[in-house]
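Under full-length UniProt numbering, think of the first position of the sequence shown as 1, with each following residue one higher.
If you're looking for bench data, these hints aren't it; they were derived computationally from the structure.
Glycine included, C-beta positions come from ideal geometry on N, C-alpha and C.
There's no promise every hint is true.
[Unchecked claim] Okay, the calculated beta carbon distance ranges per label pair:
{"#": "1", "residue 1": "His233", "residue 2": "Leu145", "range": "38 to 46 Å"}
{"#": "2", "residue 1": "Ser126", "residue 2": "Glu177", "range": "55 to 63 Å"}
{"#": "3", "residue 1": "Trp106", "residue 2": "Asn168", "range": "28 to 36 Å"}
{"#": "4", "residue 1": "Leu142", "residue 2": "Glu301", "range": "36 to 44 Å"}
{"#": "5", "residue 1": "Leu258", "residue 2": "Gly220", "range": "23 to 31 Å"}
{"#": "6", "residue 1": "Leu145", "residue 2": "Leu46", "range": "34 to 42 Å"}
{"#": "7", "residue 1": "His277", "residue 2": "Leu38", "range": "50 to 58 Å"}
{"#": "8", "residue 1": "Asp173", "residue 2": "Ser228", "range": "23 to 31 Å"}
{"#": "9", "residue 1": "Gly211", "residue 2": "Leu142", "range": "27 to 35 Å"}
{"#": "10", "residue 1": "Ser126", "residue 2": "Met32", "range": "20 to 28 Å"}
{"#": "11", "residue 1": "Leu305", "residue 2": "Ile90", "range": "46 to 54 Å"}
{"#": "12", "residue 1": "Leu54", "residue 2": "Ala31", "range": "29 to 37 Å"}
{"#": "13", "residue 1": "Ser16", "residue 2": "Ala308", "range": "30 to 38 Å"}
{"#": "14", "residue 1": "Leu139", "residue 2": "Gln264", "range": "49 to 57 Å"}
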Amino acid sequence: MTEYQIPKRLMTVAYSASIALVIGYALWLYAMGEYRDLLVPTFISLLLASALLLHMGQGLKNHLPPFILLFCTYSVVLSAFYAQPYVSLIWLGLPVTAAFLLLPLWAAVLINVAAGPLWWLLPAVSTAPPAVIVGYIALTLLLALPRWEHARRRALLRATDPNDSDCNAYHIDTLKERLSSEHLRAAMLNQQLAVLVLHLPQLDMAEEQFGHRAQTALLGTLCSEVNSRCRDHDVLGRADSATFWLVLPDTSESGALLVRERLQVALSRCVLVETGHLEVRIAACLPSRSESFEHYVKRLEARGLSLANA
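Throw the hints in and build the complete structure from the sequences for me.
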């Protein structure tokens with residue numbers, strides 16, 4: 001959901017701390033006799049508890065809990081400004097900061113720009129001096145600039161580094177360039193070309209259950225085993241998150257099948273602590289004569305999808 005991945009343990013601490021803070025706020029309202037204002041923090045604490053359970057659930061997508069946490073943040077601050085006219089305006093910075101931490105950059109900027117005029121409809125904010133408006137805009141820009149610079153540096157690194165950021169394989173752009181060169185060379189020299197499509201079905205499960213470290217271990221093991229058992233001019237690249245293409249220049253269909261069997265045997269012997277035996281689905285895909293490169297790439301992508309759905 002975001003351009004960067006917040007560690008799962010850190011997010012677990014964030015959800016737990018949020019629940020503790022909201023429950024503490026509800027107890028404080030109860031102690032002060034503000035019984036009418038107890039409804040919102042009580043409801044928010046239940047939402048945060050559900051977000052924590054969704055976050056910790058195994059095999060579940062983790063897109064919903066950050067949105068729940070952001071919604072709860074806006075709801076608590078909004079109810080505080082609506083019920084307490086003399087609340088300090090410094091609390092406006094809490095939802096602004098939460099949006100930049102939990103959302104992608106464009107979404108955080110959009111929601112803060114859209115919510116800016118709405119805050120000034122509240123009685124507690126409508127009488128604020130112009131300096132508060134300037135501070136709101138300055139805070140939004142200050143939080144957006146580091147994220148924008150980080151995205152710019154990542155784009156620059158991707159443009160200059162041919163390797164994937166998570167493993168020892170070529171990035172998809174470099175992979176397609178190398179495959180295009182080999183496809184053209186095979187057509188001009190009347191040579192054979194083969195590509196093995198490798199899919200890691202355990203990858204998504206490993207990240208959701210054991211975190212990014214288990215995912216990196218899976219990718220590293222796959223790339224290490226494949227690179228150690230291939231020729232120097234063979235090309236291994238990451239086509240998408242869980243699919244790789246192994247380009248085998250000057251290789252016939254029988255040779256590609258032999259390489260596939262050799263890799264299947266070697267990879268099946270790999271055992272990881274979190275996921276057990278490494279499971280890899282491999283299929284060979286050869287270009288037909290006079291087949292265009294674009295059509296061949298589409299066939300490779302379709303083969304990867306079929307392996308993922310197998």
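Here is how each hint holds up against the structure:
1. Range check, His233 to Leu145: Cβ separation about 44 Å, and the 38 to 46 Å hint holds.
2. Against the hinted window of 55 to 63 Å, the Cβ-Cβ separation of Ser126 and Glu177 comes to about 57 Å, which satisfies the hint.
3. The hinted window of 28 to 36 Å between Trp106 and Asn168 holds, with their beta carbons roughly 31 Å apart.
4. Separation of Leu142 from Glu301 is about 41 Å and conforms to the stated range, judged on CB atoms against 36 to 44 Å.
5. In this structure the supplied range 23 to 31 Å holds for Leu258 paired with Gly220, their Cβ-Cβ distance being about 25 Å.
6. Taking 34 to 42 Å as the suggested C-beta distance range, the pair Leu145 and Leu46 conforms, at roughly 36 Å.
7. Our hint of 50 to 58 Å for His277 and Leu38 holds, since their Cβ atoms are close to 53 Å apart.
8. Here the CB-CB span from Asp173 to Ser228 is close to 25 Å, well matched to the stated 23 to 31 Å.
9. Distance hint for Gly211 and Leu142: a CB-CB separation of about 30 Å, consistent with the stated range 27 to 35 Å.
10. For the pair Ser126 and Met32, the supplied restraint of 20 to 28 Å holds, since their beta-carbon distance comes to about 25 Å.
11. Evaluation of the 46 to 54 Å hint for Leu305 and Ile90 yields a pass: the beta carbon distance comes to about 50 Å.
12. Separation of Leu54 from Ala31 is about 31 Å and conforms to the stated range, judged on CB atoms against 29 to 37 Å.
13. Between Ser16 and Ala308 the beta carbon distance is about 35 Å. The supplied range of 30 to 38 Å therefore holds.
14. Our hint of 49 to 57 Å for Leu139 and Gln264 holds, since their Cβ atoms are close to 55 Å apart.
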